[in-house]
Amino acid sequence: MFEGSKISSRQAVFLITTVIVPTSILFLPHMIYVAAKRDAWLSVLAITLFGLGVGDIIGRLGRRFPGQTVVQYSRRLLGPVLGGAVGLVYAGFFIYINAFVVREFSEMLVTNYYKETPQVVFVLGIVFVAVYIVWYGLEVLTRVNDMVLPLVLIMLGVLLITSVPIAEPENLLPVLDNGVGPVLQGAVPAAVFFDETVIMLVLISNLTRPAEARVAIAKAVLLVGLIQLLVVVTVVTVLGTLTENQLYPTLHLARHLRVGPYLANVDPLILLIWILGGFLKVTIFHYCATICAAQLLGLSGYGLVSVVNGAILSILAVVLWEDAIELSYQISRIIPPFFLAVQAGIPVLLLAVAFFKRQGVTAGDRN
Amino acid sequence: MTGIKIIPVVLIGLALLFLSGCWSNLELENRAFVSALGIDKSGDKLRVTAQLLVPSLLGGGQNRAMGTDPNKKNPVFIVETEARTLSEAVDLLSKESGRRLFFPFLQIIVVGEDLARYSILPVTEWVQRDRELRLKTLLGVAVGEAGEVIKAPGAGLERVPGYFLGSSTETANNFCSRVVEGNFLKFIKDLSSRSRDPVALRLATAEVSDQKQARISGSAVFDGYRLAGWLNDRETRGYLWITGDIQRGIISATLPHGESIAFEIRGSDTEIKTGFVDGEPVVDINIVMKSAVNEVHNPVVSLASPRDLDRLEPLVERQVAGEVHAALEKARRLNTDIFGFGEIIHRQHPAEWRRIAGYWDEIFPLLPVQVQVKATIRRTGQIGSPVRPGKPE
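These protein sequence lines are chains A and B, in that order. So the first sequence is numbered by my numbering: it starts at 89 and just counts up by one. So the second sequence is numbered by my numbering: it starts at 1307 and just counts up by one.
Don't read these hints as lab results, they were simulated from the structure. Any given hint might turn out to be false.
[Said to hold, decoys possible] In silico DMTMM-like pairs for lysine to aspartate or glutamate, Cα to Cα no more than 25 Å straight-line:
(1) 203/A with 1436/B
(2) 203/A with 1438/B
(3) 1442/B with 144/A
(4) 1492/B with 355/A
(5) 125/A with 1431/B
(6) 1401/B with 355/A
(7) 125/A with 1529/B
(8) 1596/B with 256/A
(9) 1492/B with 256/A
(10) 1680/B with 1584/B
Bound conformation, chain A alone (with noise of 0.2 Å):
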């Protein structure tokens, strides 16, 4: 324990599905259907499935070593050298894919919103708020979400139940017509978004029980591979073979929405589960990255690391990417094999050297 915050297994469980709905139903049914098209829903199944697995191993590694995050247990697995090495990747990483998020999350509203607004003025202000949040603990944070997420979910589910009138439910037929491969080619770059679980490398260590710490990620998954699911067949069974050229298709979506003469133009629903769940996202990676350098410099305190933190990573959001295009590239192309490594690759490879040198607790497993 670093942070004196503590958290349930529920509260893990919302904060994780904040993680990984509001970015995953904006962007998921674009990317996925580029590659899987009307069996979009069969590759959501796939990268649950993958998700489940990889949160599997993050939470057996948190379990054996409770209270500690992922910098602390590698220096002990791995020696200070290779040990360290890894909790500098942890602290990059989270940097790394919060400056996606922070960009996309800008991206986003000035494309379909704010086009006169500068991009950095959306960049300064989310990171302000993150920075202000972690300032504050863990346990502020878990608190907000507690209270955003209920309400992202219930909008969520109004867009949701709004489309069925419209949804043309043939739109998914013929299933696997061309086969298994395009589902799988379709998965890939939505298993960035499932192994987001990696946020548990260092909460683990916040939990009041982290026996519990699998079945929280497990139920997280889940729930997350529902939602994705009922997401990715509305758009495709309402939007069909247009959701290949709308780069934001839930938007689109919600902007067509029409309940008799009642319910017209929803979209700032999706406007505000975007803020909402956006703002949370970045400020829960924001913590991780923030705790991971804090304690890779073996300091005590970690608000001014936040500070620091916050500042580079409104540099990295503005600088690392020319245009909308490239970004969206580098997210579906280029990023999801070296991220991969990180969230799902070098957990498989510390849980085996924890097993193999007998290190950490294992009581659970015998019990």
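Given the coordinates of chain A, assemble chain B onto it according to the supplied hints.
Frame of chain A, contents of chain B only:
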């Protein structure tokens, strides 16, 4: 104590600076509301004709809904620009109108026949890419020039001509099933489908109570980006039967002795089955409909027993089948699969579709289609048999 309070005071003070307005706000009076947009081909350029609302002429008052007040001018202002791209032409519209254009009230985009025959791509591109436009906007193709349709001052019962086209389409969709859905969403969906050809509204101008007025009549059939031909009213109805989009409406049929009889459609269901005979695709269209007798022009017709109603059913069935065949015939002649038969075969027989997909253009015009209509007549309105003269003839 003062030290603690300084920060909130400064923050509140800063907030005041931003209270005067949003970042890129644009006041209502600086916007031009577009109600309809016409796009024509003019040489290498595109000519855009915009129908803008004039708010001062729109204002409240008793006659708001009725466009008949002779003292009130037509509350629209017409602007025209020309440029190589649609976005540029729209940009120039702001200069011509002196205001920034505002699209949420845009009802319909009308494309001129020449441009439609050449390519409709610039229009779908602009509509999809621009963040202010909604795909629920209607898409019409003008017989002749789109500019003429936009300029026509007649507005039916509405005050704004563009709004008339919007409400006319909606009403015709819901209550008489005479026009296609006609919005960009459906159009682009069909356009991007592998085998379905899209359909838009067909617009023409006519003289209505001493004014030129744009009206919807039939539909425009596309082959990819290009206009391939038109469906008339009867063929449009046939198209709607096949796609299963018939809601309400009246069918007139002929009684055995030549008099007319009208039926009201009370709901219908279309099922399309595809199959293969000797390796060749065949299509079966099954239409089941409920109807009611609405008007009989022969006093001798008896509507007293269930058997009487049964005898009338073939009349509706033949009429509907006729409309369906008319649509099929036209689609075959234009070689456009507007009904999405290819898509349905793909869904129902994925393996066989793979074999024939490449030749679909050659198969479609000769595709055997069986049409089966089953009508049931349930009601006869407020009376049974027609009233007969009491005195002996």
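Results of checking the hints against the structure:
no.	hint	result
1	203/A with 1436/B	holds, 11 Å
2	203/A with 1438/B	holds, 10 Å
3	1442/B with 144/A	violated, 45 Å
4	1492/B with 355/A	holds, 19 Å
5	125/A with 1431/B	holds, 22 Å
6	1401/B with 355/A	violated, 30 Å
7	125/A with 1529/B	holds, 23 Å
8	1596/B with 256/A	holds, 23 Å
9	1492/B with 256/A	holds, 12 Å
10	1680/B with 1584/B	violated, 28 Å
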